[in-house]
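Heads up: the sequence shown is residues 5 to 380, going by this note's numbering.
The hints are all genuine.
Cβ-Cβ distance ranges computed for the label pairs, FRET-style:
(1) D105 - K161: 27 to 37 angstroms
(2) K161 - D353: 51 to 61 angstroms
(3) N124 - S89: 28 to 38 angstroms
(4) N239 - A174: 26 to 36 angstroms
(5) R143 - A174: 35 to 45 angstroms
(6) D303 - T343: 18 to 28 angstroms
(7) M202 - K135: 14 to 24 angstroms
(8) G292 - K135: 48 to 58 angstroms
(9) R143 - L229: 19 to 29 angstroms
(10) D303 - K161: 50 to 60 angstroms
In silico lysine-lysine, DSSO-like type, Cα no more than 27 angstroms apart, as pairs:
(11) K49 - K77
(12) K49 - K85
(13) K151 - K240
(14) K220 - K208
Hints were generated in silico from the structure; no laboratory data involved.
Just so you know, these numbers come straight off a predicted model, no measurement behind them.
Backbone N, C-alpha and C define an ideal beta-carbon position, used for all residues, glycine too.
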Amino acid sequence: MSKKLIKQTAVAALLASTVLSFSPVAMGASSLDQSVNKVKSQLSKATTHYVNPSLSGKVAPSSALYPALNTMKKNYQSVRKSVVSSKLSSSQKQAKLNELDAVYNEKISGGLVPYIDAYNYATKYLMPIMKNIQVAQDRNDFATVEKEYHKLSYQLKGRTAILYRFSGKAARDLLLQEYKKPADAKRDELMVPVTIYMSLLEIKDFLADGKVIEAKAEFGEVEALLTRLPNAANNKFITALLEEVEKVKAAVNAETLTAQQVLDSKVEGLVTVLNTNFADSTTATTDGSNSLTVTVKEDLQLVEFLGKGFFSTFTSELGVTKVNGFDPTSAQGVNYLATTFSGADSLNDLKGKTVTLPLTVNNGSELTVNFTISFK
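Generate the whole structure from the sequences, applying the supplied hints.
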């Protein structure tokens, strides 16, 4: 039998004997004042049924508290009815009811009931999830660990407020120590492993769809997380996860990018750089391979626009080695560009036109393409 179960069994036995001391209020045997005072005394002790055990390091289980709760509720309701049906004046009745309600709200509604709710929540929600996670970890079931991790995160994010709603610091601290702190620790422990596992699934999907660039980029994110993993020594789950990482790494490395795929990726990067450096005058977008659309926002002299870095950015970002067979910065290359853009003195003159440039790029291997730049 676990230590926790032994403690809870002992508490249950202790409270069972205490509950037996409760007896219904004998309404006919005492005055109304005596009955009210007796119930107030009983109610005032409600929180002791879970606070006193906590002072000895024992968590009071809800099963041991229900008899006491039911008895106090019954006596409270009985005396309340007696007050209402008594011959006291309206103001006297209200005063008695206020006395009863104040103690009931403090000790029952603010103490015993929310403690029971907190205990039930911890044992019916947190504990089963923690158990499922441990079982899944023991058999290296990554999918179940991920599923239960998200359940645990959801609980800890918003629902564990219930563990703080009852009075009695010692009991509250003990309940948090027994249930919430281990859950917090497990969530923190699994945060990086689960993130890595989810990335591995995404990488496999990328590879299945032929998205090698995306797969390689995502695996770079995985590699950056590896140093944040818990120590694999004596941790079979982390050891198994690292083995999965190696398998995916081998699959990613086995995939080679075509020269066109590399260029497509470079075009995406070019768009980002252009929109950073030329945001005042143009906006760049791309809707396919070997193409660029430049939206003119502010008119500039064409020579000024090209000379301010557009052309040099274009060639360096894409890895351009030749334009129509010429070195981009050679006299022949510059003359070719001048001919290509002839008839246009400013960006506004280019609106509605598309320029096609025969490019040779080299990003590891040489590729010749017809690259189009559309202005609008």
